[in-house]
Each structure stands twice: as C-alpha cells, then as structure tokens.
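Number of protein chains: 2
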Amino acid sequence: MSILVVGSIALDTVETPHGKVKDALGGSALYFSAVASLFNPVNMVGVVGADFNLQSIDFLKKRSVNLDGLEQMGGETFRWGGRYHEDINLRDTLFTELNVFQDFRPTIPEHYQNDAFIFLANIDPELQLEVLAQLKKPRLVVLDTMNFWISGKPEALNRLISKIDVLIVNNEEIQQLTGKANIFAGAEELLQRGPQAIVIKKGEHGAVLNDPNGYFLAPAFPVSRVVDPTGAGDSFAGGFLGYLSTCPEINHEQLRKAVVYGSVAASFTVEDFSLNRLERLSKSDIDERVENYRNMICF
Amino acid sequence: MSILVVGSIALDTVETPHGKVKDALGGSALYFSAVASLFNPVNMVGVVGADFNLQSIDFLKKRSVNLDGLEQMGGETFRWGGRYHEDINLRDTLFTELNVFQDFRPTIPEHYQNDAFIFLANIDPELQLEVLAQLKKPRLVVLDTMNFWISGKPEALNRLISKIDVLIVNNEEIQQLTGKANIFAGAEELLQRGPQAIVIKKGEHGAVLNDPNGYFLAPAFPVSRVVDPTGAGDSFAGGFLGYLSTCPEINHEQLRKAVVYGSVAASFTVEDFSLNRLERLSKSDIDERVENYRNMICF
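Line by line, the protein sequences are chains A and B.
Each residue of the first sequence is one higher than the one before, counting from 1 in my numbering.
Each residue of the second sequence is one higher than the one before, counting from 1 in my numbering.
Taking lysine-lysine and the BS3-like style, the derived pairs with C-alpha atoms no more than 27 Å apart in a straight line are:
no., chain 1, residue 1, chain 2, residue 2
1, A, Lys-202, B, Lys-202
2, B, Lys-202, B, Lys-180
3, B, Lys-257, A, Lys-202
4, A, Lys-180, A, Lys-163
5, B, Lys-163, B, Lys-153
6, B, Lys-202, A, Lys-257
7, B, Lys-20, A, Lys-180
In case anyone wonders, no lab produced these hints; they're calculated from the structure.
Chain A extracted, bound-state conformation (with noise of 0.2 Å):
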C-alpha cells in the first residue's frame, strides 16, 4: 500500500548546544519518507532549486521512495535556519527564506492518485484542500499544520479538519485551535469536528491519542543526549502513518500502536542532526526499540 507526502523539502542550518550544520537535508517531505518509507513504498509530492544536490537523497530512493513527483525549479530550494537553547525545547527561528517553495502548487502524479495513506505535510491549508481533491480513494489521512494557518486561515483549516481522519497538533497548537488552555478539552472538542482521531505531540513528554474510544498517553522514548529537535514531528508522522500502513484494518488498538512507533522513530531523528540517524535507521532498530519502550511503560 503506497503512502504520499506531500511536504517541504529544505535545507536547514540549525544550532544546538551540541553542535552546528549548514544546508543539512531537511522539510516535512524528507523527514517524513526517510522514515515511512522503512513500512512501505512512499510516493513523496515537493519542491526543490536548481541548487539542490538530488544525489544527497539517494538513500531515499534505496528504501522506495518515488521521486517523479519531486519538481526541480530554477531558484534556490527553501531555506530555514534555527538555533536551539540549552533547554532544547526552545528555539529561536533565525531566517525562514521561501524560495521555490513560495510558488509551490503541489500537482499530484496520476499514478500517486490512488494513494491510499495520505500525509498532508504543514503547508497552506489551501493548498492540502487542493491535493485531497485530487485523490481518487484516500483511505487514511493524516494532516499537520502550524500556528501560522491556525491564524492566518482559519476558514480553509476547518474545512479541511473536517474532511481529514487523523490531526496530528502539538499543545500550543490544539489550544490556537479550540481556544481551551487544558488539551484533553480542546482534543475533545476537535474530535466533534470530524476526524476520527487526534494526536497531540508534546515533544519531550510525549503524545496522547485521543477517538471515540478514549485516551493512549504514550511518553517519550527517554533520549539522554538530544542532538537536533529538528524533524522529530514529521518522523512521528512517518512511524504513525508508516505503521498503519502495514495494517489490514484499521482501529483503536492500531491507531496506538501507530503513536508508539511515531514516537520511537522521532526518538531516532532527535539523536543526531538533519536525517543522519535516520540515513542509517533500520526497521528492526525501530522494532526493537518499540519493545523496549514496551517494557518501559508496563506496570
């Protein structure tokens, strides 16, 4: 069962209290695929300059990730720099510099349509309405987005939350959202707006699902020396989606297998810059470590 993403592609320079890199691989798209693809085929849909190196995702196309929905444009590829605190759960934003990224008008391959797991990576959500209108038979879709959208356009965001099955939100977003400083309220009051389920991310503490059959709270996998923060939630979406795709049915016991492996694959991402964890993360280092967390949460 084939997934698409349709996301960002970036190259990011980013500063942690361990260390620095410029123009490492980044964007939704890539941190996405890289780890999705350990499940199944990816079919990613993105935006790259005339300046960017496709050999540097060669490892990608390895683990099947379809690039011919990859547009290659003159220009220079979207660029984002950050630089993280001691306390690496804050960050300063240093330059956002769109690019081609700032045209992107994401036109899905006909033999991506029939895509049936569906990332609709954060970007405008005017834009991911357009994608979902060109899917023939979406069996799953999973949306990110930001506190930009949340604000900016608010009307096209509640369409799309209605038509989607799974929100993915952090906690400073589910409270933009519902207007409820408390997110078990506020992920109450979205599930009333459509989706069949919502995810929030807490970064270091965790995620929590929450559908009709009530909450999973699952903490994160305990990483001693985070690198880079950087990618963490679109490689939770990867493990997510990825996970599910390998599901014949799709449920409530599924859907919390799919955050224990979204939070184990972004427990990879955080250990190291960019995608050099994940260049090198097999699908049994993912499994193993989901049995680890396993032991780590019985009682």
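The hints should help you fit chain B onto chain A, whose structure is shown.
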C-alpha cells in the same frame, strides 16, 4: 506498617481560573497524609498556630492519621498565597508567611520512632537530617526538596541525598541539582549519589522513575478540568509511599506501581481546591482509576 510524615501544615489562599479560596487547608503534611492514610496509618509531625482549627482535619483522624506529633504553638499558622495562570502550569507566589513554621524543629514522638516508611517533605535539609537521626529502623525513606534548599544548603542536601532511598524531584530541581538540562542524564547522575531510585515529577506531563533496573515512564492521568494544582506533588508522594507501605517486598515492579498510585492520587487532588477532593476520596476510587489508567497506556 505505619507511615511517618514530617512537613508543613498551611493555610493557603489560592486563585486559579476556576475560582478562589482563602485560608484553606494546605501544606505538604496534610496533602500527603490525606492520601497515604487510605493505605496505612500515618503519623504526622508538624506545627500549627493558635489560629488553626483542629476540627478542620477531623477527617484525617478518622483515616487513622495520628496527630500526637502535631504541635500547636502560640502565633499564627504558616500561610501561603498563590495565583495560577490560564496556563495552569504557571503560578505566581503572592506571599509566604512562615509564622510558627519559621522555628519548626521537628521532634519525633517516641511511639513514631520505629516507623518504617518515611516521607521527609520539603523543609530545611538540616532539619530533615535531624529527623533521620531520630529514627530507629526506617525501611524506606522518601525525600522531597525545593530550589530554595538546592541553592541555599547544597552541602546538607547532598549529605541527606546519600542517606535516603527515593528522591522525588521535579524537572527544574533535577536540572538545578545536577547542572544537566536533560532529565534522563540528570537522573543517571543522581542515582550515583546514593538513592535506590529517582522519581521525576513533570506535573501534567507525568512522572519518570529511574532505578538500576531502568526507566518507568508514567504519563499523567488525563484531567480535563484542573481546578487547583496545589498539593499535587505531595499527594503523589502519599500515593507512592502509601502503596509501597502495603508491599511485603519492594522491588522495581513495586516501585513502578507506586508511581502509578502517586500519579492517580495527584490527578484527584487537582480536580478541586485545597484538600476538598481528597476529603471525599476512597481507596476504591484510587484503585478504579489505576485500572482506567492501565487501559490508557497499554498497546
């Protein structure tokens, strides 16, 4: 097996987005006792002023809390005032009036000196050392402290940490104690200083247990209406030590379960102001929520 607690008894004036109480019951010894006494008899050592209405804690006596160690002095009871923000994790201390608590020198009554399960609630570590010296056969000593003592009396505190069994800290305290921003790295270091186990309280994000057998990750029980977080930490300690006092043997599995009992106890406390929810709490309420909780973390 009797449980001993040495801590504060306070009259709290608290304002939260859900309302306000003035001169309401508070203090570590009361929160702890209200919970721990649902598991086993509790002996309490503390001090109140002439203005304290002893009848207000009659419900504790009915739960086998022995008050022989509660000294009533001339003068006023310790008072604390605080205001919680819309984001209930943030609070401002409005006033702290130590009053009779200022000169508190805990004396352990002779019939308490054989108690096995000891909670040294947050007071001056030099006094906590004096308490320890008065005990004849402690089986498990649990220590709480705060930022004020970590910076103000580091030497006494470190001596104390080398003598106790379980150290309970929150995320800021562990960073302050160890100089490490990462709580897992901090917990590893603290384990080297003597305790058998470290418990990190993360408020709404749950708790983490670390001992030589590894980690146990406990998300917080979801509470969709947090009325007043005051006392959650001491209630946690009450559930934690209360549960352990019922165990013939204390091993890693029991410590895990104790963390769950602590988390669940705290989840009740925050549902109402002061000790209001705890006053009408039963052991079976706790047991039932522990089972609900188990269902929220399995996968």
